[in-house]
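Respectively, the protein sequence lines represent chains A and B.
The first sequence begins at 3 in the numbering used here and counts up by one.
The second sequence begins at 6 in the numbering used here and counts up by one.
Just so you know, the hints here were simulated from the structure itself, not pulled from any lab data.
Built from N, CA and C at the ideal position, the CB exists for glycine as well.
Just so you know, not all the hints are guaranteed correct.
Keeping only pairs whose Cα atoms sit at most 20 Å apart, straight-line, the calculated SDA-like set for lysine to any residue is [stated by the list, open to error]:
1) A:K50 x B:G95
2) A:K50 x B:I35
3) A:K50 x A:G39
4) A:K50 x B:G73
5) A:K50 x B:K14
6) A:K50 x B:G41
7) A:K50 x B:A89
8) A:K50 x B:R77
9) B:K14 x B:P24
10) B:K14 x B:G95
11) A:K50 x A:S68
So these bits of chain A aren't anywhere near chain B, every CB distance computed over 10 Å [as the list claims (entries may be wrong)]:
12) P60
13) H226
14) R274
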Amino acid sequence: MNQPPGHTPAGAYRVAIDIENHFTPAEVNALPLFTGGLPRETRRQLWKTRRMMRRGHPSLRSYQRSETARNATWYRGAPTADRLLVVFCGTAGRPMIPTPVFLQFIPETRHDVLMLRDPTGNAYTHGVPGLGNDLQETLNHLAGRIDFTRYRETRALGVSSGGAAALCTGILLGSTLALSFGGRHPSCSRRARTGNRTDRFDTLVAPLLAESGTWLANFRAENHPADEEGARSLRATLPACRDLVVTGTSNHILLAELAGQGGSWWRPHRNRLQTVFANFLLADRPASDTVAP
Amino acid sequence: MTNPSQARKIATAALRANPVAQFTADHLAILDGQPGDIPFAEAGIDSMGLMELSIWLEVELALSITAGELARLHSLSGLEARIARHLRTGA
Numbered sequence: 003m004n005q006p007p008g009h010t011p012a013g014a015y016r017v018a019i020d021i022e023n024h025f026t027p028a029e030v031n032a033l034p035l036f037t038g039g040l041p042r043e044t045r046r047q048l049w050k051t052r053r054m055m056r057r058g059h060p061s062l063r064s065y066q067r068s069e070t071a072r073n074a075t076w077y078r079g080a081p082t083a084d085r086l087l088v089v090f091c092g093t094a095g096r097p098m099i100p101t102p103v104f105l106q107f108i109p110e111t112r113h114d115v116l117m118l119r120d121p122t123g124n125a126y127t128h129g130v131p132g133l134g135n136d137l138q139e140t141l142n143h144l145a146g147r148i149d150f151t152r153y154r155e156t157r158a159l160g161v162s163s164g165g166a167a168a169l170c171t172g173i174l175l176g177s178t179l180a181l182s183f184g185g186r187h188p189s190c191s192r193r194a195r196t197g198n199r200t201d202r203f204d205t206l207v208a209p210l211l212a213e214s215g216t217w218l219a220n221f222r223a224e225n226h227p228a229d230e231e232g233a234r235s236l237r238a239t240l241p242a243c244r245d246l247v248v249t250g251t252s253n254h255i256l257l258a259e260l261a262g263q264g265g266s267w268w269r270p271h272r273n274r275l276q277t278v279f280a281n282f283l284l285a286d287r288p289a290s291d292t293v294a295p
Numbered sequence: 006m007t008n009p010s011q012a013r014k015i016a017t018a019a020l021r022a023n024p025v026a027q028f029t030a031d032h033l034a035i036l037d038g039q040p041g042d043i044p045f046a047e048a049g050i051d052s053m054g055l056m057e058l059s060i061w062l063e064v065e066l067a068l069s070i071t072a073g074e075l076a077r078l079h080s081l082s083g084l085e086a087r088i089a090r091h092l093r094t095g096a
């Protein structure tokens with residue numbers, strides 16, 4: 003799609019989306035939002051982002067951004083970070099919430115975050131565009147740019163069309179844990195199955211499944227039929243993948259739902275994402291197989 | 006005189022192209038031409054989805070509309086009506 007001109011609402015949104023998909027919390031916080039420079043609609047959107055960032059942590063997480071490749075951004079935390087979190091974004095190019103908001107939920111003292119994107123709609127069946135032609139090749143390319151051995155542990159998280167890629171990457175890397183939110187197997191994705199072989203992940207992980215110790219789970223909204231179908235499609239190829247239901251919601255954009263996006267200052271929505279991350283993603287051992295209501 | 010189906014066709018193309026939208030089988034049938042409506046929220050079109058919709062409409066149709074206005078249109082039918090007005094009047 004062509005780029006809209008910057009002086010129109012759409013042009014302003016393109017700027018906001020680019021910032022929300024790539025910037026660190028500190029970079030967003032440093033933007034001048036009171037006065038000119040950025041278009042008005044961009045500033046309006048970024049005020050919301052800043053407010054939502056506080057839901058993750060009251061003070062700014064100090065991540066440093068490096069664009070490792072066209073579709074791979076490496077957010078380096080503190081020198082003490084000994085865990086690498088590999089994140090597979092959905093087709094929107096973000097982990098269901100703006101990237102700086104997501105980073106606010108992840109302690110930088112413990113983590114570096116590698117954010118991957120597949121804007122082609124192929125759900126990573128051909129790997130990350132520009133980094134090989136399948137997931138294994140992508141991981142090999144990344145290992146040439148980032149020293150994976152410096153981390154004590156690697157974990158994977160994927161959302162929507164990135165969910166299956168995260169689960170498979172967890173197995174390929176021998177991760178302790180891999181989580182999917184609103185994920186689906188590529189065979190279940192309308193966009194990914196158009197002109198693609200959808201069994202490419204299955205072929206890669208099949209030899210490893212019997213021995214894999216990776217703790218796998220897919221979180222899904224209770225009242226979302228397409229996500230229920232997605233969960234079934236994941237279990238068909240990854241029987242060890244737990245089906246964790248978030249009750250009382252029909253929202254596919256699950257991380258936004260859990261973080262309480264859409265509330266207002268006079269009627270804030272509950273923020274459950276801290277608890278879910280603390281019990282699963284960040285825990286040394288996942289707390290349980292159920293999600294607290 | 007605008008052909009009403011032209012506005013419908015553009016509105017469905019706009020939703021199909023939305024990277025945030027998630028459609029059920031019922032939604033897909035509607036996008037394929039069956040009668041019915043798709044509320045934006047039901048298809049998972051959140052604030053980012055509305056921004057993407059605004060970008061698509063401007064690039065593909067030269068229709069400049071804010072995400073807030075799109076939210077008030079609420080659904081595929083609302084969008085179709087707005088596109089029909091744009092095709093008819095240029096506004």
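Structure-based check of all given hints:
1. With a C-alpha separation of about 32 Å, the suggested pair K50 of chain A and G95 of chain B falls outside the 20 Å cut-off, and the hint is violated.
2. Annotation: proposed proximity of K50 of chain A to I35 of chain B is violated, straight-line Cα distance about 33 Å (limit 20 Å).
3. Proposed proximity of K50 of chain A and G39 of chain A is supported: the alpha carbons are some 18 Å apart, at most 20 Å.
4. Simply put, K50 of chain A and G73 of chain B have alpha-carbon atoms about 14 Å apart, close enough for the 20 Å limit, and the pair holds.
5. At most 20 Å may separate the alpha-carbon atoms for a hinted pair to count; K50 of chain A and K14 of chain B exceed this at roughly 33 Å.
6. Under the criterion of a C-alpha separation no larger than 20 Å, the hint pairing K50 of chain A with G41 of chain B is inconsistent with the structure, at around 33 Å.
7. Of the supplied pair hints, the one linking K50 of chain A and A89 of chain B is violated, its CA atoms being roughly 32 Å apart against a limit of 20 Å.
8. Taken as a hint, the K50 of chain A and R77 of chain B pair is honoured in the structure, with Cα atoms around 19 Å apart against an allowance of 20 Å.
9. For the given pair, K14 of chain B sits about 18 Å from P24 of chain B by alpha-carbon distance, which is consistent with the 20 Å threshold.
10. Among the hinted pairs, K14 of chain B with G95 of chain B is consistent with the structure: their alpha-carbon atoms are about 17 Å apart, no more than 20 Å.
11. For the proposed pair K50 of chain A and S68 of chain A, the alpha carbon gap of about 25 Å is over 20 Å, so the pair is violated.
12. Non-interface status of P60 of chain A relative to chain B is upheld: no Cβ of that chain comes within 10 Å, the nearest being about 23 Å off.
13. For H226 of chain A, the requirement that its beta carbon stay farther than 10 Å from each beta carbon of chain B is not met, with the minimum near 8 Å.
14. Even its closest Cβ contact with chain B, about 17 Å, leaves R274 of chain A beyond 10 Å, as expected for a residue assigned away from the interface.
Taken one by one, the earlier hints fail for this structure at numbers 1, 2, 5, 6, 7, 11, 13, listed in ascending order.
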